[in-house]
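Given the coordinates of chain A, assemble chain B onto it according to the supplied hints.
Which chain is which? The protein sequence lines are A and B, in order.
By my numbering, the letter at position 38 of the first sequence is numbered 38, and the numbering carries on one by one without gaps.
By my numbering, the letter at position 298 of the second sequence is numbered 298, and the numbering carries on one by one without gaps.
The set of hints was computed from the structure by calculation and includes no laboratory data.
Treat the hints with caution; some may be incorrect.
Which copy is meant is left open, so a pair is good if it fits within one copy or across any two.
[To be verified] Here are the simulated lysine to aspartate or glutamate pairs, DMTMM-like style, with alpha carbons at most 20 Å apart:
| no. | residue 1 | residue 2 |
| --- | --- | --- |
| 1 | K97 | E122 |
| 2 | K250 | E235 |
| 3 | K344 | E314 |
| 4 | K58 | E46 |
| 5 | K390 | E314 |
On a predicted model such as this, the values are computed, not experimentally measured, just so you know.
2 protein chains.
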Amino acid sequence: MKCALLIIGDELLAGRTRDLNGHWLSTYLPSIGVELCQVKTISDDESAITSSLDELYKRVDIVITSGGLGPTKDDITKNVLAKYFAKDLTFNDFSVKFIENLYSKFDREWNTQKNSYHFFPEGFTLVDNLNGYAPGLSYFEDQKLLLSAPGVPREFSSMVSNSLKELISKHFKRDDLKSFEYFSIRTKGVPEEVIFRDLCPGLWEKLSAIAKLSSLPHLLGIDLVLYFNSDQREEVIQAATKVISDSPLKDFVWQYGNLELEELIVKEAIEKNLTLGFAESCTGGLSSSKITDVAGASKVYYGSIVSYANSVKENILGVNPNTLSKYGAVSAQCAKEMAVGAQKSLGCDIAISYTGIAGPGGGSKEKPVGTVGIGWSCALEQDSEIIYHKGSRTDLKNKFSRSGLFKLLELIRQYK
Amino acid sequence: MKCALLIIGDELLAGRTRDLNGHWLSTYLPSIGVELCQVKTISDDESAITSSLDELYKRVDIVITSGGLGPTKDDITKNVLAKYFAKDLTFNDFSVKFIENLYSKFDREWNTQKNSYHFFPEGFTLVDNLNGYAPGLSYFEDQKLLLSAPGVPREFSSMVSNSLKELISKHFKRDDLKSFEYFSIRTKGVPEEVIFRDLCPGLWEKLSAIAKLSSLPHLLGIDLVLYFNSDQREEVIQAATKVISDSPLKDFVWQYGNLELEELIVKEAIEKNLTLGFAESCTGGLSSSKITDVAGASKVYYGSIVSYANSVKENILGVNPNTLSKYGAVSAQCAKEMAVGAQKSLGCDIAISYTGIAGPGGGSKEKPVGTVGIGWSCALEQDSEIIYHKGSRTDLKNKFSRSGLFKLLELIRQYK
Numbered sequence: 001m002k003c004a005l006l007i008i009g010d011e012l013l014a015g016r017t018r019d020l021n022g023h024w025l026s027t028y029l030p031s032i033g034v035e036l037c038q039v040k041t042i043s044d045d046e047s048a049i050t051s052s053l054d055e056l057y058k059r060v061d062i063v064i065t066s067g068g069l070g071p072t073k074d075d076i077t078k079n080v081l082a083k084y085f086a087k088d089l090t091f092n093d094f095s096v097k098f099i100e101n102l103y104s105k106f107d108r109e110w111n112t113q114k115n116s117y118h119f120f121p122e123g124f125t126l127v128d129n130l131n132g133y134a135p136g137l138s139y140f141e142d143q144k145l146l147l148s149a150p151g152v153p154r155e156f157s158s159m160v161s162n163s164l165k166e167l168i169s170k171h172f173k174r175d176d177l178k179s180f181e182y183f184s185i186r187t188k189g190v191p192e193e194v195i196f197r198d199l200c201p202g203l204w205e206k207l208s209a210i211a212k213l214s215s216l217p218h219l220l221g222i223d224l225v226l227y228f229n230s231d232q233r234e235e236v237i238q239a240a241t242k243v244i245s246d247s248p249l250k251d252f253v254w255q256y257g258n259l260e261l262e263e264l265i266v267k268e269a270i271e272k273n274l275t276l277g278f279a280e281s282c283t284g285g286l287s288s289s290k291i292t293d294v295a296g297a298s299k300v301y302y303g304s305i306v307s308y309a310n311s312v313k314e315n316i317l318g319v320n321p322n323t324l325s326k327y328g329a330v331s332a333q334c335a336k337e338m339a340v341g342a343q344k345s346l347g348c349d350i351a352i353s354y355t356g357i358a359g360p361g362g363g364s365k366e367k368p369v370g371t372v373g374i375g376w377s378c379a380l381e382q383d384s385e386i387i388y389h390k391g392s393r394t395d396l397k398n399k400f401s402r403s404g405l406f407k408l409l410e411l412i413r414q415y416k
Numbered sequence: 001m002k003c004a005l006l007i008i009g010d011e012l013l014a015g016r017t018r019d020l021n022g023h024w025l026s027t028y029l030p031s032i033g034v035e036l037c038q039v040k041t042i043s044d045d046e047s048a049i050t051s052s053l054d055e056l057y058k059r060v061d062i063v064i065t066s067g068g069l070g071p072t073k074d075d076i077t078k079n080v081l082a083k084y085f086a087k088d089l090t091f092n093d094f095s096v097k098f099i100e101n102l103y104s105k106f107d108r109e110w111n112t113q114k115n116s117y118h119f120f121p122e123g124f125t126l127v128d129n130l131n132g133y134a135p136g137l138s139y140f141e142d143q144k145l146l147l148s149a150p151g152v153p154r155e156f157s158s159m160v161s162n163s164l165k166e167l168i169s170k171h172f173k174r175d176d177l178k179s180f181e182y183f184s185i186r187t188k189g190v191p192e193e194v195i196f197r198d199l200c201p202g203l204w205e206k207l208s209a210i211a212k213l214s215s216l217p218h219l220l221g222i223d224l225v226l227y228f229n230s231d232q233r234e235e236v237i238q239a240a241t242k243v244i245s246d247s248p249l250k251d252f253v254w255q256y257g258n259l260e261l262e263e264l265i266v267k268e269a270i271e272k273n274l275t276l277g278f279a280e281s282c283t284g285g286l287s288s289s290k291i292t293d294v295a296g297a298s299k300v301y302y303g304s305i306v307s308y309a310n311s312v313k314e315n316i317l318g319v320n321p322n323t324l325s326k327y328g329a330v331s332a333q334c335a336k337e338m339a340v341g342a343q344k345s346l347g348c349d350i351a352i353s354y355t356g357i358a359g360p361g362g363g364s365k366e367k368p369v370g371t372v373g374i375g376w377s378c379a380l381e382q383d384s385e386i387i388y389h390k391g392s393r394t395d396l397k398n399k400f401s402r403s404g405l406f407k408l409l410e411l412i413r414q415y416k
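Chain A with its partners taken away, still in its complex shape (with noise of 0.2 Å):
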């Protein structure tokens, strides 16, 4: 079952709004045994539209559209579905009472005089909205599937996940479809031409026996991806981890899964009883933010003293002033008290400290932008380092927090 999202509006492409649509439903699609096969982001007008519709319904069983369904004049996708299926927009009591109850489950008013969402091209079918007051609408005509979802990204993925396995069901007759997935092979420390050229000639054909693989850059290293339906899970990765561990990749696997890093250390730091906490200085709260985007964090996780201004290095961590006249806030000495500070502070197991240069001022000849001292204090090691890194301040803010991430991940693995 192949399926293509269509993206509706100007500000996608005016650079004034950043799509979540796609990617959310490129990681939602697989587990209903969908196939995503294109996304196309094209501007509110009437011609883009219908044309991406002829071209979209030539190549896959359902179109999914995004954006367009508001109350405002620039909203006009339900009335271009209208004329390029040849429908009247027509309302009945059943889609005025459908908007009614839309409305009052959030405790607000609704009549018809309000706005026209109660209209609808007629054979349309209205789709109920869990997170928002506009409608989504699904058709079926000639074997094809159409659902038309709001923009807003919490209406979007909801009424999807709400509606669309059952509108397969009803219309394909489809509920043995098998849900598909991937197996990562993460690696750190080689590049990619030396892994299938040098390290293990053969590697790309042995792994492609076992199912469909890409080798995806990252910003640790590069991740080696299988691809494959959800009944073959077992084999494939027992097949897969097998043919890593014969080879000399195995030495640079950090990973054999899908964790982010942050997901990794939480469920390391968990098994291993062990209790997390940070000081941070340029990646100003990221790393501690990551760390709280895992659920179940609040088990090993502490907290972070986020120390931009050194007098709260200083006086919350305790770094030495002479330190930081002598050596500068970025420096190793000043990453070590600021990780031993950390964690006397707050009281936990282990402890990493960040504090360097993000740009884009600040920098100077001997610590240029991108110069971040890293330490780390636990009971077996109380140490730092500088590392230097590449980018913009975001860029450097992300890399700084990952390099930290994976020296915790490190530290975590040498507690028995």
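Just chain B now, kept in the frame of chain A:
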């Protein structure tokens, strides 16, 4: 001058990787006067690539591709382009030297055994990669320009911004393209349909007479956004601001301009010479990370105490253990004490605190997931409130964060 982006990569459609190049390009092209008409994401598949090229070449002047230029077997873009334009893949002394130079910039050696980066479709031009090893490709034929760039975001953005303007000038002889931009009127507290139907009938037409208008729902409220050529900036901003100032919508506007909330906070805090800090529990450092995304934040930002564990709330923020046992960590009382403690321990002028339940676990009937206490402490006022949001864990972290940041903006504005 019209442009389309063709993003090539299975991983983007299978939920493995999130594309960043589409959004970046949408923010870059307006600055050089090029209109982004379409962004299309397809899989690493020859027929998908060639049919997309057929379609896009009909509609735009410039096609940019992203991805598939690396050294592994799923990197097929170069071969498919050669076939599509009926060119042989070739190399010459110049292309060998080009790749040698590319590698030597990173202090790495390269030779023709390492990969096939020196091969290019005859008649194509190699394009420099400032941040990676795979070169880009450009080709001009029949008044259509192709630029093929790597998918890694830092390589893609630096290659496009380093080469596209020059390629347009060389091939189209166009140095007169006018940049375009947008101006936002950012509101809070009034639904979209109320603005245009009840509060300000005729507003859509009045603003549309000034420039192209979009109405965009946003976490905080509705943004009205006008798009125009940069040389009309003064008139558009003046006219739009006057229209709003004369309308009842003016009481709901929190910004005439395009800044993100955190950027506006840093700007206004600098103007008023106010220093800022946070105490964060449920947001886990997100507010701090947002503020420190803003270059120059260090002028006013002191830091955040991320107090995920109650022990940190007590020991560093000085929250009374009785408050925690009597009212719980998620309470107006605790929020206030956290803010007061953060202001004191960080030594800043205004502190905002967060303590809530981001879920998915931890909710109860009285305090469901989505409950958050926001506290504030400054010379003007020390207080707190409980508010409720809906959404997933990361949604809620974002919504909590915005609520507190908006309170921070309001407090800054109370200062003379």
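Hints, one by one, checked against the model:
Proximity of K97 and E122 under a CA criterion of 20 Å is satisfied intra-copy only: 17 Å inside one chain copy versus 64 Å between copies. Taking the shortest Cα distances, K250 and E235 sit within 20 Å of each other inside one copy (19 Å), while across copies they are farther apart (63 Å). For a Cα distance limit of 20 Å, the shortest separation of K344 from E314 qualifies both inside one copy, at 14 Å, and across copies, at 14 Å. Within a single copy, K58 and E46 get their C-alpha atoms as close as 19 Å, and across copies as close as 17 Å, so both meet the 20 Å cut-off.
Neither within a single protomer nor between protomers do K390 and E314 lie at most 20 Å apart by alpha-carbon distance, with minima of 29 Å and 39 Å respectively.
When the structure is compared with the earlier hints, a violation turns up for hint 5 alone.
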